[in-house]
Structures are given as structure tokens and as C-alpha cells.
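Q: Going by this note's numbering, the sequence shown opens with residue 4, and the numbers climb by one from there.
Think of the hints as simulated: they come from the structure by calculation, not from any bench.
Hints may contain errors.
Computed list of lysine to aspartate or glutamate pairs in EDC-like fashion (alpha-carbon distance at most 16 Å, straight line) [stated by the list, open to error]:
{"hint": "1", "residue 1": "Lys62", "residue 2": "Glu84"}
{"hint": "2", "residue 1": "Lys90", "residue 2": "Asp129"}
{"hint": "3", "residue 1": "Lys148", "residue 2": "Glu116"}
{"hint": "4", "residue 1": "Lys62", "residue 2": "Asp129"}
The following label-pair restraints were derived from C-beta to C-beta distances [unchecked claim]:
{"hint": "5", "residue 1": "Arg105", "residue 2": "Gln175", "range": "38 to 46 Å"}
{"hint": "6", "residue 1": "Gln113", "residue 2": "Thr171", "range": "24 to 32 Å"}
{"hint": "7", "residue 1": "Ala53", "residue 2": "Gln175", "range": "23 to 31 Å"}
{"hint": "8", "residue 1": "Ser16", "residue 2": "Pro127", "range": "29 to 37 Å"}
{"hint": "9", "residue 1": "Asn140", "residue 2": "Gly14", "range": "37 to 45 Å"}
{"hint": "10", "residue 1": "Val5", "residue 2": "Ser55", "range": "33 to 41 Å"}
{"hint": "11", "residue 1": "Leu10", "residue 2": "Val185", "range": "36 to 44 Å"}
{"hint": "12", "residue 1": "Gly14", "residue 2": "Tyr182", "range": "12 to 20 Å"}
{"hint": "13", "residue 1": "Gly169", "residue 2": "Gly82", "range": "17 to 25 Å"}
{"hint": "14", "residue 1": "His123", "residue 2": "Thr51", "range": "29 to 37 Å"}
{"hint": "15", "residue 1": "Asp139", "residue 2": "Ile160", "range": "26 to 34 Å"}
{"hint": "16", "residue 1": "Gly118", "residue 2": "Phe174", "range": "12 to 20 Å"}
{"hint": "17", "residue 1": "Leu10", "residue 2": "Lys179", "range": "30 to 38 Å"}
{"hint": "18", "residue 1": "Ser120", "residue 2": "Lys156", "range": "28 to 36 Å"}
Using N, Cα and C, we set each Cβ at its ideal position, and we do this for glycine too.
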Amino acid sequence: MVNCRELEIAGKSLVIWEHDDAIDERGNSQTGSWIWDCALVLAHWFETAAWSPASFQGKRVVELGSGTGLPGLAAASLGAEVTLTDKKSLLPGLERNVIENRLSDRVKVQELEWGQSVEHLHPPVDYVLMSDLLYDNNSMPELVKTVTELTDKNSQILLSYELRPGTTEYFQEFRKQGYVWVWEKFFRFD
């Protein structure tokens, strides 16, 4: 089944196609095939008083575990040069969403397995976007390695997450790498 959602983020209209037919090499449905609440929260955070929409103008952004690409596409619509990354099986859906939103001039789609080389993304980047990625402690070392290689002291990480068992361990691991977190509570809205 394919579902199309039309959203408005910071005054910009976005069309996001969800594909529940994206499957991995083992035949499992990919969690990144549809929009999760954390992606909505992060994208809508760009229109709050806590964020200046001009912040993305001319900045380089990488979204990790993009899924449908909503936060990255929202950043691109606000002026960022964005690279959406995810597993190979999700790339066709990401590419469709880039084309549907006429953002091909601002957005690239790249395969990225966490823990692998990020040189093709030309680090460091200005912003790393992550929504709902702190759910599998088995992938923690790879995710931390990827973020560390993408960033420098001037980079910012914009993260939305759902509190789950193991979430605090992620933050402790990032803290060991020298990251400082600034918390902004922004709850889900329906």
C-alpha cells in the first residue's frame, strides 16, 4: 500500500509518500517506510519560536536514517543543502519524495550504513538531523561513530526521540565523545 500525506511546515507545503512495500534483504518491512511521530515533531519544531527558519539558509545538512525524509525535506524547503541517507531499500521512496517536492536542486539521496565511511558526504556538515533513531542499542556504536565522523565543533545535531529503555545510554555514549546536549522539550501534538 502507498499513502500520500500533504503537510505544511513553516509555511511550506510538502508531499510525503509512505511506502509499506519497502523490504530489506530478509523480507522484513522497513520501519522507515512511513512517517513516525518523531519526524513530525522535528519538522514542526522548525516553525517554533525556538528555531529561526533562516538558520538553514546555505547550510549543509545530513539526515541520518531518513526514512521518508520529512525533516530533511523541510530543512531543504527552508534553504539548506541536504543529503538524505538510509539503507538501500528505502532510497527509491526517498528519491520519489525529493522529486515530488521539486527539491532535486537542494537534496541528494545517498545510501549510508551507520559505522561505514562517510567520506562521500564530505564532512563536516553544519547540521545532522536524527528522528527516532535511539531505539536499538545494538546499533549504538555505529550511530555514534557516524555522527562523530560527520561533525566538528561547529556542527549541531537536531534530534527528536521517543523515550525508551536504553535512550539514556545513547546520550552517555555521545557525552563520552565530547558532545553537549541542549534540551528543548517539544511534545507530540495530534
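Q: Determine for every hint whether it applies to the structure shown.
A: Here is how each hint holds up against the structure:
1. Lys62 to Glu84: Distance ~6 Å between lysine 62 and glutamate 84 Cα, so the pair holds.
2. Lys90 to Asp129: 22 Å, violated
3. Lys148 to Glu116: 11 Å, holds
4. Lys62 to Asp129: 6 Å, holds
5. Arg105 to Gln175: 38 to 46 Å: Holds, at about 41 Å.
6. Gln113 to Thr171: 24 to 32 Å: 30 Å, holds
7. Ala53 to Gln175: 23 to 31 Å: 25 Å Cβ-Cβ, so the 23 to 31 Å window holds.
8. Ser16 to Pro127: 29 to 37 Å: Given a distance of about 31 Å, which is inside 29 to 37 Å, the answer is holds.
9. Asn140 to Gly14: 37 to 45 Å: 38 Å, holds
10. Val5 to Ser55: 33 to 41 Å: 35 Å, holds
11. Leu10 to Val185: 36 to 44 Å: 26 Å, violated
12. Gly14 to Tyr182: 12 to 20 Å: 32 Å, violated
13. Gly169 to Gly82: 17 to 25 Å: 35 Å, violated
14. His123 to Thr51: 29 to 37 Å: 33 Å, holds
15. Asp139 to Ile160: 26 to 34 Å: 18 Å, violated
16. Gly118 to Phe174: 12 to 20 Å: 19 Å, holds
17. Leu10 to Lys179: 30 to 38 Å: Holds, at about 36 Å.
18. Ser120 to Lys156: 28 to 36 Å: 21 Å, violated
Consistency with the previously given hints fails for numbers 2, 11, 12, 13, 15 and 18, ordered from lowest to highest.
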